[in-house]
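Chains as they are written, first to last, in my numbering: chain A, 400 to 535; chain B, 8 to 134.
None of these hints come from the bench; they were simulated from the model. Do not take every clue at face value.
[Claimed, not checked] Dumping the calculated DSS-like pairs for lysine-lysine here, alpha-carbon to alpha-carbon at most 30 Å:
1. Lys474(A) with Lys105(B)
2. Lys474(A) with Lys129(B)
3. Lys129(B) with Lys17(B)
4. Lys129(B) with Lys66(B)
[Stated by the list, open to error] If you want the footprint, here are the derived chain A segments under chain B, 3+ residues with CB under 8 Å:
5. 478–492
6. 519–530
All figures in this text were calculated on a predicted structure; none of them were measured in a lab. All residues carry an ideal CB built from backbone N, CA and C; glycine is no exception.
If you want the building blocks of each chain, they are given just below.
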Amino acid sequence: MEATSGRGVRPERPLSPHLQIYSPLINMVMSILHRITGAALYAGSLLLAWWLIAAASGPDYYNYVLSWFATWPGKIILLGYTWVLMNHMLGGLRHFLWDTGHGYDLKTIDILSWGSLAASFTLTAIIWAFAALGGI
Amino acid sequence: MKSMRTPLKKVRYLGSAKEGADHFWKQRVTGVANLFLGVFLVWLIVSLLGADYVTARQKLGNPLIALALLGLILSGTVHMRLGMQTIIEDYVHEEGLKLAALMLNTFFAIFIALVSVFAILKLSFGA
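The whole structure should be built from the sequences, with the hints applied where relevant.
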């Protein structure tokens with residue numbers, strides 16, 4: 400037989416198909432989004448730190464930073480930040496459930512994936528509605 | 008001098024770092040904490056919208072709010088460091104580059120933690 404224990408020249412074998420071969424399924428898309436939103440929150444931690452530093456620095460710098468957040472690009476970033484946070488939190492909840500070994504039948508997987516996506520948009524809308532109405 | 012150890016003895020226990028479960032578990036524990044503290048952060052920010060500096064400062068200096076913020080920063084930076092570590096290990100295969108990226112990741116997380124904790128403490132104790 401040809402099989403060797405990894406020594407010598409490896410015979411050329413076909414690679415298993417990767418992402419580009421499959422048509423996207425919602426659970427796969429949400430899994431990828433979970434990683435992307437996690438990375439986005441990683442970068443977003445800079446904004447949180449910036450805001451805290453501004454508050455600790457004094458009124459002038461605090462207002463200066465707030466004026467940045469109040470610009471249109473600033474608002475779009477904060478809106479994106481809100482959705483990214485909601486999506487990652489709901490994705491985390493979904494994964495907690497899966498960690499317990501439950502919710503693995505196909506229908507439940509679809510419901511959880513679509514549900515967390517829909518809920519992330521809904522929660523973002525609710526939070527910004529509160530914000531638009533002048534806070535809580 | 009020739010080593011008296013057998014080849015097997017030399018490599019045994021060097022295989023994995025034996026930290027897989029530790030990483031997994033810390034990611035979950037900080038994830039649960041972040042869930043609650045993240046909701047708190049959203050509430051805090053929305054409640055401070057339109058507030059002037061004095062109001063914001065007073066609120067951020069409140070002991071309970073400062074404690075929750077400290078918790079969020081510590082739990083959050085541990086969580087994001089572990090998450091980014093996984094991403095780096097998945098995509099960066101060149102050993103030197105990977106080591107550098109992992110080290111930068113740790114530095115970045117600690118930087119965010121230190122700067123934020125300092126700011127929160129200053130808001131609580133500082134003049």
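Hints, one by one, checked against the model:
1. Lys474(A) with Lys105(B): violated (35 Å)
2. Lys474(A) with Lys129(B): Given that 30 Å is the threshold and the Cα spacing comes to 27 Å, the pair holds.
3. Lys129(B) with Lys17(B): violated (51 Å)
4. Lys129(B) with Lys66(B): Given pair Lys129(B), Lys66(B) holds - Cα atoms ~13 Å apart, limit 30 Å.
5. 478–492: holds (count 5)
6. 519–530: Coverage by chain B holds for the stretch 519–530 of chain A (3 residues, Cβ < 8 Å).
Checked against the numbered hints given earlier, the structure breaks hints 1, 3 and satisfies all the rest.
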